Amino acid sequence: MPKIMSRRVLHTTPWLQLIEKKVSLNHDRKPELFYCITQPAYVGVLTQIEDGSIPLIRQYRPCVEAYTWEFPGETVDAGETPEEAAKREVEEETGLCVRELIYLGNFHPDTGRLQVDSHAFFARASKPDLSNPEQGLSVRYVTPEELVLMITSVEFKTQLHLGIYAAAILNGIDLTAWNR
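Residues in the sequence shown are numbered consecutively from 434, following this note's numbering.
It should be emphasised that the hints constitute simulated quantities derived from the structure, not laboratory data. One thing to keep in mind: the hints can contain errors.
[Unchecked claim] Label pairs and their computed distance ranges (CB to CB): (1) Arg557 / Asn459: 45 to 51 Å; (2) Ser439 / Cys530: 45 to 51 Å; (3) Phe467 / Cys530: 38 to 44 Å; (4) Glu525 / Tyr500: 30 to 36 Å; (5) Arg494 / Leu603: 23 to 29 Å; (6) Tyr536 / Arg573: 24 to 30 Å; (7) Tyr500 / Met434: 40 to 46 Å; (8) Ala499 / Phe467: 27 to 33 Å.
[Said to hold, decoys possible] SDA-like, lysine to any residue: derived pairs with alpha carbons at most 20 Å apart: (9) Lys455 / Ser439; (10) Lys560 / Lys590; (11) Lys590 / Pro495; (12) Lys455 / Met434; (13) Lys436 / Leu580; (14) Lys454 / Arg441; (15) Lys455 / His444; (16) Lys455 / Leu547; (17) Lys455 / Val549; (18) Lys454 / Cys469; (19) Lys454 / Leu443; (20) Lys454 / Asp543; (21) Lys436 / Phe467; (22) Lys436 / Ile470; (23) Lys454 / Thr471; (24) Lys436 / Leu449; (25) Lys436 / Gln548; (26) Lys454 / Arg440; (27) Lys560 / Leu580; (28) Lys560 / Glu503; (29) Lys454 / Gly545; (30) Lys455 / Thr471; (31) Lys454 / Val442.
Quick caveat: nothing in here was measured; it's all calculated off a predicted structure. Where a beta carbon is used, it is the ideal one built from N, C-alpha and C, also for glycine.
Turn these sequences into a full structure, and let the hints steer you where they fit.
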């Protein structure tokens, strides 16, 4: 059975920590060093409004040096529950007010490098106050069918958010049913 022999923080920023872990994978081998990044828990929210459309957030991501399409999401603030963070992020990024929030689960976005809880949600929300999206973001409303096309054409390609979409579908959420 693997055993964590030690943990050491190598670097800290306001957003993350780099952790070194000394791990004994089995008794026959010398312990090895592994590295991971940790940060506060994350929330992502697949949101739908009354007409059936889904808001997508477009923003520049310096890590990948590109603009990306994503669902509303962010890290959970200190003292905040994942549910509170999910509602706050939808409101801040889109101007929408969440009416119903469904928890889809807690997932690990990258078990090889990240030590982060990622909470996935589905939300039904009111029509937007278009004057209130967060600075630096743009919001695009797409139909469920347009989202599928964006996924299959790899225009919507943030793996974590693809997992949220899959969790919603696998939990029986029918994105095409609301606007019928």
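Quick rundown of the hints versus the structure:
Against the hinted window of 45 to 51 Å, the Cβ-Cβ separation of Arg557 and Asn459 comes to about 49 Å, which satisfies the hint. At roughly 47 Å, the beta carbons of Ser439 and Cys530 sit within the given window of 45 to 51 Å. The given range of 38 to 44 Å is respected by Phe467 and Cys530, whose C-beta atoms sit roughly 43 Å from each other. Look at Glu525 against Tyr500: about 19 Å separates their beta carbons, and that is not inside 30 to 36 Å.
The hinted window of 23 to 29 Å between Arg494 and Leu603 holds, with their beta carbons roughly 26 Å apart. Evaluation of the 24 to 30 Å hint for Tyr536 and Arg573 yields a pass: the beta carbon distance comes to about 25 Å. The beta-carbon spacing between Tyr500 and Met434, approximately 44 Å, falls within the hinted interval of 40 to 46 Å. Remark: the range hint 27 to 33 Å for Ala499 to Phe467 is upheld by a beta-carbon distance near 29 Å.
For a cut-off of 20 Å, the pair hint linking Lys455 to Ser439 stands: about 5 Å separates their Cα positions. Of the pairs offered as hints, the one joining Lys560 and Lys590 is violated, with about 26 Å between alpha carbons and a cut-off of 20 Å exceeded. For the proposed pair Lys590 and Pro495, the alpha carbon gap of about 16 Å is at most 20 Å, so the pair holds. The hinted pair formed by Lys455 and Met434 meets the criterion: a straight-line CA distance of about 14 Å does not exceed 20 Å.
Among the hinted pairs, Lys436 with Leu580 is inconsistent with the structure: their alpha-carbon atoms are about 43 Å apart, more than 20 Å. Between Lys454 and Arg441 the CA atoms are separated by roughly 7 Å; this keeps the pair inside 20 Å, and the hint holds. A hinted pair counts as satisfied when its Cα atoms are at most 20 Å apart, and Lys455 with His444 qualifies at roughly 16 Å. Distance hint between Lys455 and Leu547 is fulfilled; the C-alpha atoms sit about 16 Å from each other, no more than 20 Å.
Pair hint Lys455 plus Val549 holds up; C-alpha atoms about 19 Å apart against a cutoff of 20 Å. At roughly 8 Å between alpha-carbon atoms, Lys454 and Cys469 fall within 20 Å of each other, so this suggested pair holds. For the proposed pair Lys454 and Leu443, the alpha carbon gap of about 10 Å is at most 20 Å, so the pair holds. Proposed proximity of Lys454 and Asp543 is supported: the alpha carbons are some 16 Å apart, at most 20 Å.
Under the criterion of a C-alpha separation no larger than 20 Å, the hint pairing Lys436 with Phe467 is consistent with the structure, at around 12 Å. Proximity of Lys436 to Ile470 is assessed by CA-CA distance (about 19 Å); at most 20 Å being required, the pair is judged to hold. Taken as a hint, the Lys454 and Thr471 pair is honoured in the structure, with Cα atoms around 12 Å apart against an allowance of 20 Å. Taken as a hint, the Lys436 and Leu449 pair is broken in the structure, with Cα atoms around 24 Å apart against an allowance of 20 Å.
As the CA atoms of Lys436 and Gln548 are separated by approximately 16 Å, the hinted pair is consistent with the 20 Å bound. A distance of roughly 5 Å separates the Cα atoms of Lys454 and Arg440; the hinted pair therefore holds under the 20 Å criterion. Distance restraint check for Lys560 and Leu580: the Cα-Cα separation of roughly 19 Å lies within the 20 Å cut-off, and the hinted pair is therefore satisfied. For the hint linking Lys560 to Glu503, the alpha-carbon distance of about 19 Å falls within 20 Å, and the restraint holds.
About 13 Å separates the Cα atoms of Lys454 and Gly545, which keeps this hinted pair within 20 Å; it holds. The suggested pairing of Lys455 with Thr471 holds, with an alpha-carbon distance near 16 Å, which does not exceed 20 Å. The straight-line distance between the Cα atoms of Lys454 and Val442 is roughly 9 Å, inside the 20 Å bound, and the hint therefore holds.
The structure fails to meet hints 4, 10, 13, 24 from the earlier list, while all remaining hints are met.
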